[in-house]
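We have chain A; now place chain B onto it with these hints.
Line order of the protein sequences matches chains A and B.
The opening position of the first sequence corresponds to residue 1 in my numbering, with each subsequent residue numbered one higher.
The opening position of the second sequence corresponds to residue 1 in my numbering, with each subsequent residue numbered one higher.
Check the hints yourself; a few may be wrong.
Any copy, or any two copies together, can satisfy a pair, since identical chains are not distinguished.
Pairs of lysine-lysine, DSSO-like flavour, derived with a Cα cap of 27 Å [stated by the list, open to error]:
#1 Lys311 to Lys353
#2 Lys145 to Lys311
#3 Lys331 to Lys353
#4 Lys145 to Lys329
#5 Lys328 to Lys145
#6 Lys115 to Lys335
The hints are simulated quantities; they were obtained by calculation from the structure and are not laboratory data.
2 protein chains.
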Amino acid sequence: MSLVQERRNTRRLSVGKVVVGDGQPVAVQSMTNTQTGDVTATLAQIHRLEAAGCEIVRVAVPDMEAALSLAQICPKINIPVIADIHFDYRLAVASVESGADGLRINPGNIGEPWKIREVVNSAAQRGVSIRIGVNAGSLDREIVKRLGPTPAAMVESAVENIRMLEDLGFNDIKVSLKASDVARTVAAYRLIGQRTDVPLHVGVTEAGGLFAGITKSAIGIGMLLSEGIGDTIRVSLTRDPVEEVRTAWEILRALGLRSRGPEIISCPTCGRCRIDLFTVAEQVEAELINCPLDIKVAIMGCVVNGPGEAKEADIGIAGGDGFGILFKKGKVVRKIDQHDLVRVLLGEIENLKINSGGK
Amino acid sequence: MSLVQERRNTRRLSVGKVVVGDGQPVAVQSMTNTQTGDVTATLAQIHRLEAAGCEIVRVAVPDMEAALSLAQICPKINIPVIADIHFDYRLAVASVESGADGLRINPGNIGEPWKIREVVNSAAQRGVSIRIGVNAGSLDREIVKRLGPTPAAMVESAVENIRMLEDLGFNDIKVSLKASDVARTVAAYRLIGQRTDVPLHVGVTEAGGLFAGITKSAIGIGMLLSEGIGDTIRVSLTRDPVEEVRTAWEILRALGLRSRGPEIISCPTCGRCRIDLFTVAEQVEAELINCPLDIKVAIMGCVVNGPGEAKEADIGIAGGDGFGILFKKGKVVRKIDQHDLVRVLLGEIENLKINSGGK
Numbered sequence: 001m002s003l004v005q006e007r008r009n010t011r012r013l014s015v016g017k018v019v020v021g022d023g024q025p026v027a028v029q030s031m032t033n034t035q036t037g038d039v040t041a042t043l044a045q046i047h048r049l050e051a052a053g054c055e056i057v058r059v060a061v062p063d064m065e066a067a068l069s070l071a072q073i074c075p076k077i078n079i080p081v082i083a084d085i086h087f088d089y090r091l092a093v094a095s096v097e098s099g100a101d102g103l104r105i106n107p108g109n110i111g112e113p114w115k116i117r118e119v120v121n122s123a124a125q126r127g128v129s130i131r132i133g134v135n136a137g138s139l140d141r142e143i144v145k146r147l148g149p150t151p152a153a154m155v156e157s158a159v160e161n162i163r164m165l166e167d168l169g170f171n172d173i174k175v176s177l178k179a180s181d182v183a184r185t186v187a188a189y190r191l192i193g194q195r196t197d198v199p200l201h202v203g204v205t206e207a208g209g210l211f212a213g214i215t216k217s218a219i220g221i222g223m224l225l226s227e228g229i230g231d232t233i234r235v236s237l238t239r240d241p242v243e244e245v246r247t248a249w250e251i252l253r254a255l256g257l258r259s260r261g262p263e264i265i266s267c268p269t270c271g272r273c274r275i276d277l278f279t280v281a282e283q284v285e286a287e288l289i290n291c292p293l294d295i296k297v298a299i300m301g302c303v304v305n306g307p308g309e310a311k312e313a314d315i316g317i318a319g320g321d322g323f324g325i326l327f328k329k330g331k332v333v334r335k336i337d338q339h340d341l342v343r344v345l346l347g348e349i350e351n352l353k354i355n356s357g358g359k
Numbered sequence: 001m002s003l004v005q006e007r008r009n010t011r012r013l014s015v016g017k018v019v020v021g022d023g024q025p026v027a028v029q030s031m032t033n034t035q036t037g038d039v040t041a042t043l044a045q046i047h048r049l050e051a052a053g054c055e056i057v058r059v060a061v062p063d064m065e066a067a068l069s070l071a072q073i074c075p076k077i078n079i080p081v082i083a084d085i086h087f088d089y090r091l092a093v094a095s096v097e098s099g100a101d102g103l104r105i106n107p108g109n110i111g112e113p114w115k116i117r118e119v120v121n122s123a124a125q126r127g128v129s130i131r132i133g134v135n136a137g138s139l140d141r142e143i144v145k146r147l148g149p150t151p152a153a154m155v156e157s158a159v160e161n162i163r164m165l166e167d168l169g170f171n172d173i174k175v176s177l178k179a180s181d182v183a184r185t186v187a188a189y190r191l192i193g194q195r196t197d198v199p200l201h202v203g204v205t206e207a208g209g210l211f212a213g214i215t216k217s218a219i220g221i222g223m224l225l226s227e228g229i230g231d232t233i234r235v236s237l238t239r240d241p242v243e244e245v246r247t248a249w250e251i252l253r254a255l256g257l258r259s260r261g262p263e264i265i266s267c268p269t270c271g272r273c274r275i276d277l278f279t280v281a282e283q284v285e286a287e288l289i290n291c292p293l294d295i296k297v298a299i300m301g302c303v304v305n306g307p308g309e310a311k312e313a314d315i316g317i318a319g320g321d322g323f324g325i326l327f328k329k330g331k332v333v334r335k336i337d338q339h340d341l342v343r344v345l346l347g348e349i350e351n352l353k354i355n356s357g358g359k
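Looking at chain A on its own, in the form it has when it is part of the complex (with noise of 0.2 Å):
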């Protein structure tokens, strides 16, 4: 059962190895937030996105040295980087050189005309595609004037901006209309959607820490994914940006579009539960966070209503008092001491892999 209305139409373009838009699955991005110029530390981070399910990671241009030190980066991962690009051209025409799939950059703050074209010609002659990126906070002066920090201003800007390179005959483009609170954000990419067919990259921006960080991402993205919006999608936390990625899948499935290893049910205990559930939960999700297996893991708090309410689980556990039980489907096929829970209930999974292949 999906929760998601006909996806938008959208014109088709590449990110590197990553085909965008046009009915593609919903791609998962992020950013690294190293020094770019440290390609040690910058490649370790983007393993480590890698690993987690990042599809296409974006990193920050902000000098020449993290512009040429793509060279040494872009040959040792398997995902797509699009250099982030303010102000300065030549930055943007070196990232393409030395071998960045996609720039992110905000026209208006690159400067006259022949500016622009240089950075479209460098970007177009290595099939490079460009994003650009309106934030409600840099919007142009003039527009601002005239409409406010509005969704209105953004989309007018882009499409501005969408125009501006489709002038110069280079089509390969991806929109995003960021704002740091979810209803302007949704009202943009509403908006925006009946403007152009260009493919929405979709984002909450500065949307803070873990708790808000998660509930703005997953309102904003998850209902604009619901309405069919949305071809590439950035959770934004203040925090290590592996959980960015690893909460952009969370979403993707809770929306039923994409699934990436067990799903994880568990119940939030109550007075009835008589045994640790929360650091038992933990500790299976963390030995099964590179699971590979499509199935569903039920962690309960109580023998009698656990299998019952979590009979749609292919497998799990329900904890008793001093014993546990592991059931499959909503059938309990043994009792377990309360202290092998945890390993039992791994152990079957791992069995499961086995007969899956060992896929």
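What follows is chain B alone, placed relative to chain A:
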């Protein structure tokens, strides 16, 4: 700017002093996970929940000891208590007599009509409301046989149960329709919204731990509230219930429905950031957790983009190379040594508090 369509018309009822439905603010609910019979532990947890903004608390009543302990718990807390009952009507009656403000039952598992009548009579006598808690995992077998564990089955079960209570002349009813997946949850609530004017308690059950749990709850509850559906909410996490309350408030805030204390926006940092913004953001968040001011606080990684991108913030800091800046409404107020960033920001917010009359 609010994301919320007009709220659904619902009848009004009381859960103790909290009025629910009929356009009243969406109330935040949680559930203890202590042994309810352990009065000291339960009181301590409810007090922590109250401090976090919990407005209605549910407790499990699995036995008579738990039911009777409500007589000691209810007088010592400031929020209404809902007793969660399964199977045994006597526990419901004893809970009401011990001072519970609400009951949560699944009439289907209480048994014969005369037992349900006993519960209803006792609730009616004391002005206690009843929540009918339908759970996709514990539906009546006959309904599941006919309809499967579908949203339609959940709704049919709820409607039957509502009728059962209304036939006894009892109308102070709330309903919940929880499934462990977002799609079915949302579909079920949308359906029942068209069938009854009973207030709805909204949540996704067994949502999981931090990432999955917040994500699923934010999308499910968020989408429903945005459509005007939902009178009380509960985020279900396999975590300290205080975190459920925190997430619930983040959802209400993200939707522009209600706010509680400062909103912190903070950037995810990128290769431009030269300070440990994650730690700074966490420190500020922890310090402000009980701050009553309804302000927007920005914590940004970069002096160049920070103040502009966060110009909607009432106050903010941005990190630089060894130093940072304090800004208000996008205007730089002054430079600060990097080590003083948090202290200066908190001091300024303290001043705002004093100027606002210490509210």
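Same-copy or cross-copy closeness of Lys145 to Lys311 [CA-CA at most 27 Å]: between (57 Å within a copy, 14 Å between copies)
Status of Lys335 relative to Lys115 across identical chains (alpha carbons, at most 27 Å): Intra 71 Å, inter 34 Å, cutoff 27 Å: neither.
Same-copy or cross-copy closeness of Lys145 to Lys329 [CA-CA at most 27 Å]: between (60 Å within a copy, 16 Å between copies)
Alpha-carbon proximity context of Lys311 and Lys353, limit 27 Å: within (21 Å within a copy, 51 Å between copies)
Identical-chain pair category, Lys331 with Lys353, by Cα at 27 Å: within (20 Å within a copy, 57 Å between copies)
Up to 27 Å CA-CA - Lys145 versus Lys328, copy category: between (62 Å within a copy, 20 Å between copies)
Violated hint for the displayed structure: number 6, the only one.
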